[in-house]
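Line by line, the protein sequences are chains A and B. So for the first sequence, the working numbering puts the first residue at 1; every next one is plus one. So for the second sequence, the working numbering puts the first residue at 1; every next one is plus one.
Everything labelled a hint here was simulated from the structure, so no lab data went into it. In this text, a Cβ means the ideal position worked out from N, Cα and C, and glycines have one as well. Incorrect hints may appear among the rest.
Derived CB-CB ranges, DEER-like [what the hints assert, rightly or not]:
1) E54/B x K111/A: 39 to 45 Å
2) K70/A x H10/B: 37 to 43 Å
3) T14/B x Y64/A: 39 to 45 Å
4) A81/A x K13/B: 26 to 32 Å
5) T112/B x K70/A: 39 to 45 Å
6) L39/B x I11/A: 16 to 22 Å
7) Y101/A x L11/B: 28 to 34 Å
8) E59/A x L39/B: 30 to 36 Å
Straight-line distance between alpha carbons at most 30 Å, and here's what the computed DSBU-like set of lysine-lysine pairs gives [as the list claims (entries may be wrong)]:
9) K13/B x K16/A
10) K103/A x K38/A
11) K70/A x K13/B
12) K38/A x K70/A
13) K3/A x K103/A
14) K3/A x K70/A
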Amino acid sequence: AQKVTQAQTEISVVEKEDVTLDCVYETRDTTYYLFWYKQPPSGELVFLIRRNSFDEQNEISGRYSWNFQKSTSSFNFTITASQVVDSAVYFCALVMNSGGYQKVTFGTGTKLQVIP
Amino acid sequence: DAGVTQSPTHLIKTRGQQVTLRCSPKSGHDTVSWYQQALGQGPQFIFQYYEEEERQRGNFPDRFSGHQFPNYSSELNVNALLLGDSALYLCASSPIGWESYGYTFGSGTRLTVV
Numbered sequence: 001a002q003k004v005t006q007a008q009t010e011i012s013v014v015e016k017e018d019v020t021l022d023c024v025y026e027t028r029d030t031t032y033y034l035f036w037y038k039q040p041p042s043g044e045l046v047f048l049i050r051r052n053s054f055d056e057q058n059e060i061s062g063r064y065s066w067n068f069q070k071s072t073s074s075f076n077f078t079i080t081a082s083q084v085v086d087s088a089v090y091f092c093a094l095v096m097n098s099g100g101y102q103k104v105t106f107g108t109g110t111k112l113q114v115i116p
Numbered sequence: 001d002a003g004v005t006q007s008p009t010h011l012i013k014t015r016g017q018q019v020t021l022r023c024s025p026k027s028g029h030d031t032v033s034w035y036q037q038a039l040g041q042g043p044q045f046i047f048q049y050y051e052e053e054e055r056q057r058g059n060f061p062d063r064f065s066g067h068q069f070p071n072y073s074s075e076l077n078v079n080a081l082l083l084g085d086s087a088l089y090l091c092a093s094s095p096i097g098w099e100s101y102g103y104t105f106g107s108g109t110r111l112t113v114v
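Here chain A stands alone, though its shape is the one from the complex (with noise of 0.2 Å):
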């Protein structure tokens, strides 16, 4: 079974601080993609990232970096210089390929606040 756990419920922060999100998921595949997506209060899931289970290079772009650890089962995902627009529920997913169909796991979520 495949499981994804973000531990932390809600984060606040003042602008301009870094934040790391944590992401730690559990799979007996060797195939998978980790995903993060942002949700704002409007509703919709904004894609931000997709790393597949064989590249574990860590990833920048632009505020956002991601790190990427198997040895861990992590996929941590750090913002720069926070600012009050970032302030949204950010999710964790992880998709794998089952008899030829994707099986997408989301996380709990991480509320983030950004205080100005």
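Assemble the complex: chain A is given as a structure, and chain B must be docked to it using the hints.
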């Protein structure tokens, strides 16, 4: 290029009633998935449609059913509504193919059952 469109935005229903939610996928996407997101929780997979057929299903009762039309749009039907069905229902579309996976989500329909 329009993304995923869902209607209605909000809906209030009485326990025991039936409801139909609608989704138009992003242009070029032929696969539609539905998710239920309870307050404070992550989205839970309901089912996925491709070529007008249900390809896979999550752990939801038969009260939840769906349909996909030739133009790839989709409907989610829920019968005999329970208070626990109150949630945000998200539709996501994607192109078929494991390697090209990438979901585009709509803004959802917020269903309240009273």
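Using the C-beta atoms of E59/A and L39/B, is the stated range 30 to 36 Å upheld? holds, 32 Å
Do E54/B and K111/A keep their Cβ atoms within the hinted range of 39 to 45 Å? Between E54/B and K111/A, where Cβ atoms are some 33 Å apart, the hint is violated.
Are the Cα atoms of K3/A and K70/A separated by 30 Å or less? holds, 15 Å
CB of A81/A to CB of K13/B, is that within 26 to 32 Å? Cβ of A81/A to Cβ of K13/B: about 44 Å, so the range 26 to 32 Å is violated.
Going straight from one Cα to the other, do K13/B and K16/A come out at no more than 30 Å? violated, 43 Å
Taking the Cβ atom of K70/A and the Cβ atom of H10/B, is their distance within the range 37 to 43 Å? holds, 42 Å
Starting from the range 28 to 34 Å, see whether the pair Y101/A and L11/B falls in it by beta-carbon distance. For Y101/A and L11/B the Cβ distance comes to about 29 Å; the hint holds.
30 Å limit on alpha-carbon distance, applied to hinted pair K70/A and K13/B: violated, 45 Å
So does T112/B sit 39 to 45 Å from K70/A, Cβ to Cβ? holds, 42 Å
Note whether the CB distance of T14/B and Y64/A lies within 39 to 45 Å or breaks it. Holds, since T14/B and Y64/A (Cβ atoms, about 44 Å apart) stay within the stated range.
Restraint status (C-alpha distance of K103/A to K38/A at most 30 Å): holds, 20 Å
Between L39/B and I11/A, is the Cβ distance one that fits in 16 to 22 Å? Since the Cβ atoms of L39/B and I11/A sit about 19 Å apart, the hinted range of 16 to 22 Å holds.
The structure shown violates the earlier hints numbered 1, 4, 9 and 11.
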